[in-house]
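**Q** What follows is each chain in one-letter form.
Protein chains: 2
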Amino acid sequence: MLLRAYAFVLAAVGALVLGQAPRQTVSLILTGGAVVTMDSAGRVLSPGAVAIEGRDIVGVDTPEAIAARYSGRESIDTTGQVVMPGLINTHTHAPMVLYRGLADDLALMDWLQKYIFPAEAKTVTPEFVRAGTRLAALEMIESGTTTYADMYYFEEEIAAVTREAGLRGVLGQTIIQFPAPDAKTPAEGLARTERFIKQFAADDLIVPAVAPHSMYTLDTKTLKAARALADREHVPVLIHLSETSDELKTSKTTHKATPAGYLESIGFWGPRTIAAHGVWLTPADMAILSRRHVAVSHNPESNMKLASGAAKVTAMRTAGIVVGLGTDGAASNNDLDMFEATRQAAFLAKLQTGDPRAVPARAALQMATIDGARALGMDRAIGSLETGKRADLITVSMTSARQTPMYDPLSHLVYVTRGDDVRTTIVNGRILMRDRKVLTLDESQVLSEARALAEKVKAAVR
Amino acid sequence: MLLRAYAFVLAAVGALVLGQAPRQTVSLILTGGAVVTMDSAGRVLSPGAVAIEGRDIVGVDTPEAIAARYSGRESIDTTGQVVMPGLINTHTHAPMVLYRGLADDLALMDWLQKYIFPAEAKTVTPEFVRAGTRLAALEMIESGTTTYADMYYFEEEIAAVTREAGLRGVLGQTIIQFPAPDAKTPAEGLARTERFIKQFAADDLIVPAVAPHSMYTLDTKTLKAARALADREHVPVLIHLSETSDELKTSKTTHKATPAGYLESIGFWGPRTIAAHGVWLTPADMAILSRRHVAVSHNPESNMKLASGAAKVTAMRTAGIVVGLGTDGAASNNDLDMFEATRQAAFLAKLQTGDPRAVPARAALQMATIDGARALGMDRAIGSLETGKRADLITVSMTSARQTPMYDPLSHLVYVTRGDDVRTTIVNGRILMRDRKVLTLDESQVLSEARALAEKVKAAVR
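Chains A and B are the protein sequences, given in the same order.
Numbers in our numbering are just positions in the first sequence, counted from 1, shifted up by 145.
Numbers in our numbering are just positions in the second sequence, counted from 1, shifted up by 145.
Think of the hints as simulated: they come from the structure by calculation, not from any bench.
Ideal Cβ positions, reconstructed from N, Cα and C, are used throughout, including at glycine.
Be aware that a few hints might be false.
Reference listing, derived: stretches of chain A covered by chain B, where coverage requires no fewer than 3 residues with Cβ under 8 Å from a Cβ of chain B [to be verified]:
| id | region |
| --- | --- |
| 1 | 171–184 |
| 2 | 510–522 |
Facing chain A, according to a computed beta carbon distance under 10 Å, are these residues of chain B, among others [unchecked claim]:
| id | residue |
| --- | --- |
| 3 | V203 |
| 4 | D249 |
| 5 | L335 |
| 6 | K450 |
| 7 | A491 |
| 8 | L493 |
| 9 | P501 |
| 10 | T549 |
| 11 | V591 |
| 12 | E600 |
| 13 | V602 |
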């Protein structure tokens with residue numbers, strides 16, 4: 146520490162003596178830890194520093210170089226920590242945290258029909274969605290997620306809470322054929338979605354999206370209308386795709402095509418589209434998605450817990466598909482920890498291919514950061530620590546017994562680190578959590594509100 | 146809290162008024178949290194209390210009933226926590242924590258021949274084994290493991306450190322055909338093992354064991370000698386079995402039999418034997434193990450990370466085999482967190498069978514506790530919270546955002562809980578960790594010692 150302070154002073158004095166330009170004052174400097182940039186060169190600065198001005202990253206370099214150029218109004222010592230891009234969760238249903246652990250280990254139809262659907266029918270209200278999103282936001286901030294993609298009902302409530310909590314969100318209003326808590330018909334759902342998009346157009350944190358639930362819960366007409374709306378409003382599309390073998394069977398029976406093939410045949414695929422799961426994609430499906438630049442959100446924990454299967458992530462990546470990671474909703478995971486999703490993506494790929502080299506640590510981290518940003522069409526703004534990008538980053542403690550010794554920070558981030566190791570979460574230059582204290586939400590109020598609502602959930606499935 | 150104190154006083158006064166027997170003073174009472182007993186009736190007391198006298202559990206009941214009968218010299222308020230049996234890790238190589246993250250994502254032979262074998266040849270000394278075991282013990286105590294089964298070299302050093310740290314261990318001196326760090330020949334290994342067994346006979350915490358490495362690294366003569374030694378000394382046998390498809394192929398080529406079949410043919414199988422992995426067991430193999438009362442240690446994380454395959458745990462359990470859980474060594478996992486192993490066992494079974502009902506939360510917890518105790522032949526002493534058993538137990542915080550709301554403590558213990566949630570670890574009635582402060586090891590010294598040795602490891606594989 147003394148040595149580092151000394152270098153800092155030396156650099157400042159040096160600048161004066163040599164008549165260099167005076168140091169620029171910036172809002173925040175993080176310095177001392179290993180900076181894992183996730184940029185295209187794979188730079189790891191150990192130690193490194195990041196300078197932030199307002200919502201932007203203005204410098205990523207050695208502590209000495211940053212100290213020579215910048216003076217921070219605020220500074221965070223990240224010694225013993227990794228500084229890295231915030232994690233990007235490309236698929237979840239935030240308010241479903243209120244159903245976590247409500248029912249597990251059941252056949253899919255029993256789980257849905259005896260628990261999830263009745264609970265949703267009786268409990269999903271704007272108030273419920275707000276409380277659930279607050280709990281989800283608390284958990285995401287605590288575990289290092291800075292951007293998330295969501296599909297649920299009353300998405301405008303989710304957007305309002307997300308903005309308050311300070312998280313970045315690609316938030317899709319769900320459209321589904323049967324009566325939903327926020328829309329009696331798909332037409333009503335489409336109209337709600339359009340209003341929602343206009344309400345959050347040009348927001349600094351929220352990207353509104355269209356979220357047609359899936360090909361098996363929507364008719365052709367509504368699927369086409371959803372795509373047309375997204376094209377008209379220039380917003381992303383989120384959809385479930387080939388999650389289960391049942392979906393594949395149903396599609397083949399009804400449409401004589403795979404889900405991806407059917408959606409191709411009706412002209413559904415287009416830019417900035419994220420297909421969640423893709424467990425049962427065929428090589429021909431992968432060729433379609435690659436050609437149409439459709440990204441896949443891989444949800445390894447949900448796919449294992451619900452016994453959906455093992456997505457062929459290595460084959461997808463080879464086919465040129467951008468693959469991001471997701472946790473799925475907490476009803477089927479049961480948490481929103483992207484570090485666990487990242488580890489599971491590495492583990493599952495090795496099992497699925499029989500090759501321990503599949504999805505190595507660096508690839509898993511890419512999927513959790515820059516590839517997630519690519520999947521959401523936001524890689525020019527987020528997903529890596531580079532000058533000019535938004536300041537969405539986290540610091541992660543690396544000194545616990547289970548992280549000792551450390552030969553390679555990338556290995557440790559994937560194989561022995563959890564969300565609980567995150568110390569600082571910053572989005573758009575704003576500190577959302579400092580030393581594990583969340584600053585934008587009242588933790589005890591969020592938790593007690595969630596516990597109160599859980600009583601209503603219990604009553605709904607009794 | 147007030148209400149609870151009131152009930153306590155009321156019970157005490159009631160006992161006096163009614164002329165009941167005076168309360169027995171015991172060493173420790175844990176009260177207020179949900180007690181997940183893992184007994185054969187599956188009792189969960191919410192709230193509950195546990196009374197401990199010396200090394201034994203003397204009462205498991207409601208807080209009121211315990212308060213009426215016992216007065217604790219010391220008491221721990223477990224409100225907001227689960228009190229449960231300590232976790233039992235049935236397969237690891239403790240000192241290998243010093244190699245964690247040294248090399249990942251490699252083909253098995255590259256990993257072994259370029260990293261693990263050279264590192265072991267150049268760094269494994271008694272000092273290294275002691276330092277590695279201290280680090281492993283620290284991590285195990287911090288993550289709620291109270292008993293572990295180990296196979297490594299210089300096992301007497303591991304035993305000494307384990308006893309100091311206060312953990313319970315079934316510790317197997319490894320016997321292997323090629324020159325090992327602690328024995329040039331298998332004969333020397335057998336002699337070392339015999340000395341080790343005699344040294345730790347009748348220890349309260351250490352159960353010495355014979356650990357012939359595997360059928361593919363030992364000849365028939367040594368395998369038979371290892372079994373004979375175990376029978377003579379009445380100690381357990383630990384062995385790797387059917388971990389990879391290569392092992393299966395080698396066995397079929399060399400012995401015209403599966404590994405389990407070959408070991409059956411030479412009379413190797415006997416009581417108190419734990420076979421680690423069992424990924425490639427056939428139905429005929431399972432019948433042999435069941436008939437011989439051989440237990441299997443399932444290591445789902447290692448099996449996934451090394452791409453060994455998915456063990457057929459449901460089929461094994463159906464065949465009557467006792468299946469415990471293990472982390473394997475941290476070089477192939479990369480941590481010793483049994484909560485992660487438990488979650489992965491539930492996830493992997495669902496994927497392997499295609500049935501989300503496979504290995505439900507309760508079964509996964511059984512494998513991590515009472516079935517682990519059965520596998521080690523110690524279920525009369527440990528593995529559940531019951532009067533008369535040793536006081537090996539942990540308390541686990543259940544109030545984080547990711548654990549909220551809580552509909553079912555068993556679900557949460559498996560699907561959203563980690564080792565870091567453990568607050569208290571007690572073995573044989575001794576508190577090893579209180580409020581996450583480990584009392585039997587000097588954490589900062591253990592970590593700095595490990596970091597110093599890591600430099601030697603780096604040099605060894607350079």
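**Q** Hint by hint, say whether it matches the structure.
**A** Taking the hints in turn, this is what the structure says about them:
With 0 residues bearing a CB less than 8 Å from a CB of chain B, the region 171–184 of chain A misses the requirement of three and the coverage assertion fails. Restraint check on the region 510–522 of chain A versus chain B: 0 residues with Cβ-Cβ distances below 8 Å, three needed, restraint violated. At a threshold of 10 Å, the smallest CB-CB gap from B:V203 to chain A is about 32 Å, leaving the interface hint violated. With a cut of 10 Å, the hint placing B:D249 at the interface with chain A holds, because the nearest CB-to-CB distance is about 5 Å.
At a threshold of 10 Å, the smallest CB-CB gap from B:L335 to chain A is about 33 Å, leaving the interface hint violated. A least Cβ separation of about 6 Å between B:K450 and chain A falls short of the 10 Å threshold, and the interface hint therefore holds. Given the 10 Å rule on beta carbons, the hint for B:A491 holds: about 8 Å separates it from the nearest Cβ of chain A. Given the 10 Å rule on beta carbons, the hint for B:L493 holds: about 7 Å separates it from the nearest Cβ of chain A.
A distance limit of 10 Å between C-beta atoms decides the matter here; for B:P501 the minimum to chain A is near 4 Å, and the interface restraint holds. The restraint placing B:T549 at the interface with chain A holds, with a minimum CB-CB distance near 5 Å, inside the 10 Å limit. At a threshold of 10 Å, the smallest CB-CB gap from B:V591 to chain A is about 7 Å, leaving the interface hint in force. Because the closest C-beta pair between B:E600 and chain A is about 9 Å apart, less than 10 Å, the hint holds.
Interface restraint check: B:V602 against chain A, minimum CB-CB distance 8 Å, threshold 10 Å, status holds.
Hint check: violations occur at hints 1, 2, 3, 5; the rest are consistent with the structure.
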